[in-house]
Amino acid sequence: MIRVVLPPHLRTLARVDGEVELDVDATVTQRSILDELETRYPMLRGTMRDHVTQLRRPLVRFFVCGEDLSHESPDAPLPEAIAKGSEPFVIIGAIAGG
Amino acid sequence: MSKLRVLVGTRKGAFILTADGARKRWKVSGPHFAGWEIYHVKGSTVDPNRIYASQTSAWFGQIIQRSDDGGKSWNTPGSSPEELKGPDGTPKAESNKFVYDGIPGTHQWYDGTQHPWEFKRVWHLEPSLHDPEHVYAGVEDAALFESKDGGKSWNELSGLRQHDTGPKWQPGAGGMCLHTILLDPQDRQRIFVAISAAGAFRTDDGGTTWKPINHGLHSEYIPDPNAEVGHCVHRIAMHPSRPDTLFMQKHWDVMRSDDSGDSWREVSGNLPSDFGFPIDVHAHEPETIYVVPIKSDSEHYPPNRRLRVYRSRTGGNEWEALTKGLPQRNCYVNVLRDAMSVDSLEPCGIYFGTTGGQVYTSPDAGDSWKPIVRDLPAVLSVEVQTLP
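As you go down the protein sequences, you meet chains A and B in turn. At position 49 of the first sequence the residue is numbered 49 (this note's numbering), and the sequence of numbers has no breaks. At position 368 of the second sequence the residue is numbered 368 (this note's numbering), and the sequence of numbers has no breaks.
Excised from the complex, chain B in its bound form (with noise of 0.2 Å):
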């Protein structure tokens, strides 16, 4: 029988949730890294029981966690004592080391003057799909990294910084990260990364050279709200059979482009918001979505305080609401960028984790849903891995 592993970062350390295929019964494991926050924590598909986590701080700034046992156990890449015999003796120890590429330059900063790239932290971390040594971590200033040695070190694909549009980025009201990296299962050299406020990008070649993908966004708190760069895209998904199609939870609007980004189109249809956050796809059903809708920028709650998954079986547009067992009264918890995922068994089954601390589940696609914990700090992300 297949196992499930759910891997919590929260603004207090990182909880793993496990249970068999008949997800069910869930055993707790954590705080791992306690009293850190934990943006993210994420296996590799190739090596399951590899898992890279974000731990970070503002007090003493970024941790990369690696795990080689399925999360039983933790060490920071590069740290060993056979791994530390430097040239001259001198640890390495390079695994927390962001440095951006070149001079970093500036970007917009709220006032709408310049502001030099300064990293803060890793937002997302996402494995290859080919190498389990190899990983990207998007970061805060945006940029995008990559390790090839498991997380030792890190080089920035600094094409992405270095856009001409870079001078023009904004942070939005989370800070300039580098939330989202979309690897294409079917073109090892094209990946779709979102900005928060910059908006969507894509390379076909590696990373080297990179392209806007906004056009057919439009947002009206900038001053063109069709521009190139600026919009404040909050989430992208797409499912492994199909990469040609994203769908985007946008600031407000849901998006849907079939041709790899060049073009989006509004598929918010008949939802009561279309602000949100998260956005994914099922794992057997490309044309099968699922949002949180959240009443407004300015109060992060679930419209009329009732906390509805909203599933769209058309690709967008018409969307049905989703509360069995989910608090339909009274409820002001928000539902968070990195915080949806799904796992690939049959029925799918969906999971998502508050910023009041529920990690819930649904085994049956959305019909139901169930939490497997309740009281967790602000759950920041959920990630789930689906073991034979």
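Chain A on its own, in the form it takes in the complex (with noise of 0.2 Å):
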């Protein structure tokens, strides 16, 4: 079981509180966790990825056990710990703009 945490803006427009937690049958990486998200909630196509290019929204970061993986490529596998559920996927709007 994947355990994802959304920021609250996207929280509420899927409707959901507090983690969202997802099956994932592909190796897990940014991409199958973002694939298997907007297919549960699809509202949220386009507010963490573009539709078309699928590249990372500038101000969407990807917080993984600790370290800031948005730069990795989306395809590259997770640490166990997100595999496993022990730890959180975690997205959030950057704090910019003040």
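Heads up, some of the hints might be wrong.
Claimed, not checked - Just so you have them, the derived chain B footprint on chain A, three or more residues with Cβ under 8 Å: (1) 6-17; (2) 39-45; (3) 55-64.
Hint data in this document are derived by calculation from the structure and do not stem from the laboratory. Think of the CB as a built atom: it goes at the ideal place given N, C-alpha and C, for glycine as much as any other residue.
Work from the hints to combine the two standalone chains into their complex.
Next comes the structure, spelled out in structure tokens:
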């Protein structure tokens, strides 16, 4: 079970409280998590990554086990702690704009 | 008795103000979509309970919201479980997918270089006059999109952006936005749009081909003040009974056309400043128009710190200040281009919102004003629905 923490605005949009729990059949990567997240919550499509290019939106960040992996390959396997659900995959809106 | 529903978009959410036809006691609901910028909220005239909203954020991009019950509940179109059965099982969910047609190309940037067209947000939503499922979206970077399935999917009417003059279009201070869409109630094929800072354009074939309609505009802030494009048009308005007559608030100058935009003449007359953003027309008097003069493009305050709506009953040139009930000292708010609207009651009601968060109403065509609310976030847009 993958645990995902959404930023507050996206929790409201997806109408969820707290963490989201996902099952990901493929290798656990940024891309496979986002694919599953958008399948479960289609209103999130286009809010974290571009519809067409699939590139991360500039002010969205992905934190994993205390590290910012936003600039890593979206297809790089994520740590075991994410795959096992002992640590959450954290999506945040950057602190920007005051 | 008729009812009124005022749809207010702000920097931090949408609000819905409702009253009966007496227009004295107002209820305020919201914020809807709290914390998001709501550029525009507008209902269909065919089905007034069908309302579209543009919800946007620099962080999370564009969202289109739709209500089918007059704003009580909202959904992103096409995201319900039964609508998500795409051929490969993946969700369609394309209500916020605005992709330019073909290779987007470039337009002029602030420094004069060419810059790629990049979608940023929807500024204005204009429901069709004939079908609640059909709605137009004016976007930044300037282009016109339409949806014929209630906002579930969008296609660009790319003849506009691909006009020969496109590479000469440039952003105004607020970005390069298509902010005004006027649908001709007497000719389904005719649409007027306005873009900052490119100018006004018209199609006579439903959006396939477009022509600039800027002859007569004079803008000292561009190299050729009489150029075909490059004018910072802030807003255009028409009365539905006379769609060939258009009124324009340009960056500077209030203008008028009586030939569907083919030619314009200035009607600023005795205004204290002819800079401003909104312009609107009385619901029952096609020659009565309203503007809110602003001191200058560098100081977005009312002249003399007094908030005054100006009304012309002669279609321009002769203007009277309307001040009763509006702050007449130490006022520094602005009124943005989409933040004025009229109801269709008798007498006509006028509404506008300010960057200070007030929404004012005049139930007597501008003679006197009262705030409906005083402390909302900065108001981006105001639309009024007159309901049976």
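Going down the list of hints, with the structure as the test:
no. : hint  : verdict
1   : 6-17  : holds (count 6)
2   : 39-45 : holds (count 4)
3   : 55-64 : holds (count 3)
Checked against the numbered hints given earlier, this structure breaks none of them.
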